[in-house]
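Peer 1: Required output: the full structure, derived from the provided sequences and hints.
Taken in order, the sequence shown gives residues 337 to 523; the numbers are from our numbering.
Hints in this document: simulated from the structure, not taken from any laboratory.
Source: prediction; values computed, not measured.
Worth double-checking, as some hints may not be accurate.
Once the Cα atoms are required to be at most 25 Å apart in a straight line, the calculated DSS-like pairs of lysine-lysine come out as [what the hints assert, rightly or not]:
{"no.": "1", "residue 1": "472", "residue 2": "521"}
{"no.": "2", "residue 1": "472", "residue 2": "514"}
{"no.": "3", "residue 1": "471", "residue 2": "514"}
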Amino acid sequence: MNKTEQHLKETIAKAKAGNQIAFSTLLDRFWNDVYGFQLIRTKNENDAEDITIQTFSKAFDKIQTFDESYEFSTWLITISKNIHVDLIRKRKRNVLSELERSKGDEAHRVLDDSPSAEDNLIIEQNLASLLNHIKKLKPHYQQVINLRYFNEMSYAEIANELGEPVNNIKVKLLRAKKLLAEIIKNK
Numbered sequence: 337m338n339k340t341e342q343h344l345k346e347t348i349a350k351a352k353a354g355n356q357i358a359f360s361t362l363l364d365r366f367w368n369d370v371y372g373f374q375l376i377r378t379k380n381e382n383d384a385e386d387i388t389i390q391t392f393s394k395a396f397d398k399i400q401t402f403d404e405s406y407e408f409s410t411w412l413i414t415i416s417k418n419i420h421v422d423l424i425r426k427r428k429r430n431v432l433s434e435l436e437r438s439k440g441d442e443a444h445r446v447l448d449d450s451p452s453a454e455d456n457l458i459i460e461q462n463l464a465s466l467l468n469h470i471k472k473l474k475p476h477y478q479q480v481i482n483l484r485y486f487n488e489m490s491y492a493e494i495a496n497e498l499g500e501p502v503n504n505i506k507v508k509l510l511r512a513k514k515l516l517a518e519i520i521k522n523k
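Peer 2: Here it is in C-alpha cells:
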C-alpha cells in the first residue's frame, strides 16, 4: 500500500470518528471527481453542484456504513448516481402532476396570489420562529445561514468574507440546514 492510499484510509478513519478536518479533506480531494461526473450526466452546472453537495452531505451522514474493501471514490459516485436518479424521478412526478392540474377548469388557473393580511401575519410569525430556531445553532452555523439567506450572498462571497474555501462553506451550510431542520422538527 502506497503513502497516498494509507493517508486516505487514515483520513476516512478520522472522518468516521467525527473529525471535521477529515471531512473537509475528503471533500476537497473528491469534490471535482463527483462534480465532474454529475456535470457530464446532467449537462447543467447548477444541478451538478446541487447533487454534489447532497452527495457529500449524505456521505458524511452515512460514513459509518463505508466498507473499506471498496474504493471511496466509487462509493461517492454510487451515492451521487442514486441522488441523480431520485432527482429525475421527482421531476417526472412533478411534470405529470402539473399536466394533471392543467387539464382542470380554466377558472381555477386565474388565482390572486398576493398574500392577504392573515397570510402576512403568519409569514411574520413564522419568520420570528425561524430566527429563534437559528439562534439555537452554533455561532459559525448561524453566520453562514445569515450570510446566505438573509444577506443573499453567493457561496464565493461567503467564502471570501469568512476566509474559507468555497467547498467548506457549502458543507457548512448543508450541516447548518440539517441541524436547523432537526431543531425545528424536535421543537
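Peer 1: Each of the hints needs a verdict: does it hold here or not?
Peer 2: Right, here's what the structure says about each hint:
At most 25 Å may separate the alpha-carbon atoms for a hinted pair to count; residue 472 and residue 521 meet this at roughly 13 Å. The straight-line distance between the Cα atoms of residue 472 and residue 514 is roughly 13 Å, inside the 25 Å bound, and the hint therefore holds. A threshold of 25 Å between alpha carbons decides the hint, and for residue 471 with residue 514 the separation of about 14 Å falls inside it, so the pair holds.
Going through the hint list in order, the structure satisfies each hint without exception.
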